[in-house]
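Could you slot chain B onto chain A? The hints should help.
Just so you know, the sequences run in chain order A and B. So the first sequence is numbered by the UniProt record's numbering: it starts at 1 and just counts up by one. So the second sequence is numbered by the UniProt record's numbering: it starts at 1 and just counts up by one.
Careful, some of the hints might be misleading.
[As the list claims (entries may be wrong)] Capping the alpha-carbon separation at 25 angstroms, the derived lysine to aspartate or glutamate pairs in DMTMM-like fashion look like this:
1) A:218 x A:180
2) B:216 x A:224
3) B:216 x B:269
4) B:216 x A:233
5) B:116 x A:183
6) A:223 x A:169
7) B:260 x A:205
8) A:218 x B:168
9) B:216 x A:77
10) B:216 x A:42
11) B:216 x A:229
12) B:260 x A:229
13) B:260 x A:224
14) B:216 x A:183
15) B:216 x A:156
16) A:218 x B:40
17) A:93 x A:204
[Claimed, not checked] Chain A is faced by these chain B residues, among others (derived, beta-carbon under 7 angstroms):
18) 33
19) 34
20) 57
21) 59
22) 63
23) 109
24) 128
Derived by calculation from the structure, the hints in this document are not laboratory data. Cβ atoms here follow ideal geometry from the backbone N, Cα and C, with glycine treated the same way.
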Amino acid sequence: MAFPLPRGITASEIAFLAEMETVTIVPRQRLEGLELLGGPVEPLVPPRRASLPLWLALLLKRQRRANIIPPTWLHPEPLALILEFESQHQDYKNAFSPPPPCPFTPDGNRYYVAPPFLPQNTAQTVTSSRDPPSLPFHWVEVGNMLLEVASDDLVDPDQIRRLLKDLREVRMAKMRSGVDVLDAAATGGGGVALTGVGSMELGEERGFITGVVDGLRKIGSSKEQARREQMAEQRANGGYDGTQDNDEEEDYMEF
Amino acid sequence: MDIDDILASVDHGPGASSESAALDHQLLTRFWVAERAVSEVLPWPAPLMERIMDRVRIQIETIEDLAASSESALPTTANTHNPNLNLRLSILQTDLSRTQYIVRSLLRARLAKITKHSMHYLVLLASRNKNPLASQTQSTASSQNPNQQPEDSVPDISALTDVSPLSEPESTFLHAHQTLLAGHYAGSFMGAFPRQLRRLDDNAGGTSMIQGPELKEVVFVRCLGAEVPVVVGGEDEEGDETGVTMRMGDVWVVRWEGVKGAWGRGEVELL
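Chain A with its partners taken away, still in its complex shape (with noise of 0.2 angstroms):
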């Protein structure tokens, strides 16, 4: 067995990824900057802050040669406001919280830029105080991953658990009430929108999505082949002016 694996990342994989996100320290000594393999390392000189992949301020948390400063988003007041407006407002009743404004500007280049490697979590983002704050793509690994190594650099941690928490419960049940909707990925052509989703949520429904929409894809097979050749005849005899499916492309919901 050349991969034993399933399909999609695992969740100690998405942890992996998460730990490729940003943050910001304080470092305790100095550093020479360093070549790494997933970019260069700015010098540590203390005590000005410096932005390193998670992964390496965990390892010099744990040595106690740096702090972390937590993320605009992990404190307890931009948390009790977003699980406010995941659980009161009505626009967000079957919907995630937006996610944080895309800062892809497509330069020419063709290559955007996507978590984990935007300034998500850095301390001070790039996102102004009028701006209602926003989950990160990680922001339950990265949650997590503070909370366990650098629960001293938080401010309050207890409310932020018991925040994080919360947060996760009332958005795992908004993706379980969303499964009616999943007929509409089955379709061809078709999707279900998440936005807002987190990576690990996704990791966590990924095996019951992907289950349940290609059951309900292999039932509708035939139906979906009958239509295809109905819609062929029709343009055939050109006659076709493409009203006749638009509820069904409708009943998708952005949830």
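Frame of chain A; chain B shown alone:
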């Protein structure tokens, strides 16, 4: 292969800069996640992997040099000269192991897919053979051959120059693996079959015996382009029929065949 276009747009001299190291690392990570997420083998990003492996080799040498210098110096002087040497070593080694882990996981995931659908990829490669006459005569000859063996249905791909989506070593492995497997089948049970039933690529009765990866399976994607439509029925089918449209930053559950083209253009990322 569009990932190469992206890479080519960034300048990569022989002394690749540290900025490109960071970019290559991000591309490798993204490619690894994508390879783990879909059921088929993705096109091998040869230039990217060559650069990564070059860097890994250089990094190993750097670590060995550092370790040697710490051992050769007297312990007391080493401590006074550079108290951070051990820390630096451990950071460099951790970083190296993380990259090696990704590369290893990537290769193993590809090998697993190749062995699972070995006949499919062999036939796919062989069908691209520029000389259809040769394969035709070969197949007629083999069908008349009274000593038809399962090994005969393994296409010969040794002469092929374009082995996309596989890499060269992967295609060699694929052929060797399938030849061994066919030999084993012949020895264990297929030798007892009537000879017209001994082919591994039999498609009698309209049912092909070759199983390929399921392209209709759903994947999780994040839309990176401004607006990306989901294509119905894959790109190679006639008609540009599109379904729902994804907007930048959205996360969707969609069929892989519907976003495969967009992935190749770098407009979506697999999660």
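Now for the hints, and whether the structure bears them out:
1. This hinted pair checks out: residue 218 (chain A) and residue 180 (chain A) have alpha carbons roughly 17 angstroms apart, not beyond 25 angstroms.
2. Taking the CA atoms of residue 216 (chain B) and residue 224 (chain A), the gap is about 12 angstroms. The hint holds against a cut of 25 angstroms.
3. At most 25 angstroms may separate the alpha-carbon atoms for a hinted pair to count; residue 216 (chain B) and residue 269 (chain B) meet this at roughly 17 angstroms.
4. Restraint check: the Cα-Cα separation between residue 216 (chain B) and residue 233 (chain A) comes to about 23 angstroms, which is no more than 25 angstroms; the hinted pair holds.
5. Taken as a hint, the residue 116 (chain B) and residue 183 (chain A) pair is broken in the structure, with Cα atoms around 29 angstroms apart against an allowance of 25 angstroms.
6. This hinted pair does not check out: residue 223 (chain A) and residue 169 (chain A) have alpha carbons roughly 37 angstroms apart, beyond 25 angstroms.
7. In summary, the hint linking residue 260 (chain B) to residue 205 (chain A) is supported, as the alpha carbons are separated by about 22 angstroms, within the 25 angstroms threshold.
8. Using a Cα cut-off of 25 angstroms, the hinted pair residue 218 (chain A) and residue 168 (chain B) is violated, with the two alpha carbons roughly 36 angstroms apart.
9. For the hint pairing residue 216 (chain B) with residue 77 (chain A), the CA-to-CA distance comes to about 44 angstroms; that exceeds 25 angstroms, so the pair is violated.
10. The straight-line distance between the Cα atoms of residue 216 (chain B) and residue 42 (chain A) is roughly 45 angstroms, outside the 25 angstroms bound, and the hint therefore fails.
11. Taking the CA atoms of residue 216 (chain B) and residue 229 (chain A), the gap is near 18 angstroms; set against the 25 angstroms cutoff, the hint holds.
12. Restraint check for residue 260 (chain B) and residue 229 (chain A): the C-alpha separation of about 23 angstroms stays at or below 25 angstroms, so the hint holds.
13. For a cut-off of 25 angstroms, the pair hint linking residue 260 (chain B) to residue 224 (chain A) stands: about 20 angstroms separates their Cα positions.
14. For the suggested pair residue 216 (chain B) and residue 183 (chain A), the alpha carbons sit about 14 angstroms apart, so the restraint of at most 25 angstroms is met.
15. For the proposed pair residue 216 (chain B) and residue 156 (chain A), the alpha carbon gap of about 47 angstroms is over 25 angstroms, so the pair is violated.
16. For the hint linking residue 218 (chain A) to residue 40 (chain B), the alpha-carbon distance of about 19 angstroms falls within 25 angstroms, and the restraint holds.
17. Pair hint residue 93 (chain A) plus residue 204 (chain A) holds up; C-alpha atoms about 21 angstroms apart against a cutoff of 25 angstroms.
18. About 6 angstroms separates the beta-carbon of residue 33 (chain B) from the nearest beta-carbon of chain A, less than 7 angstroms, and the hint is met.
19. Because the beta carbon of residue 34 (chain B) sits about 10 angstroms from the nearest beta carbon in chain A, more than 7 angstroms, this interface hint is broken.
20. Because the beta carbon of residue 57 (chain B) sits about 11 angstroms from the nearest beta carbon in chain A, more than 7 angstroms, this interface hint is broken.
21. Because the closest C-beta pair between residue 59 (chain B) and chain A is about 6 angstroms apart, less than 7 angstroms, the hint holds.
22. Using the Cβ-Cβ criterion of 7 angstroms, the hint placing residue 63 (chain B) at the interface with chain A is not satisfied: the shortest such distance is roughly 11 angstroms.
23. Below 7 angstroms, beta-carbon pairs count as interface contacts, and residue 109 (chain B) has one with chain A at about 5 angstroms; its hint therefore holds.
24. Violation of the interface hint for residue 128 (chain B) is found here, the shortest Cβ-Cβ separation to chain A being roughly 25 angstroms, above the 7 angstroms cut-off.
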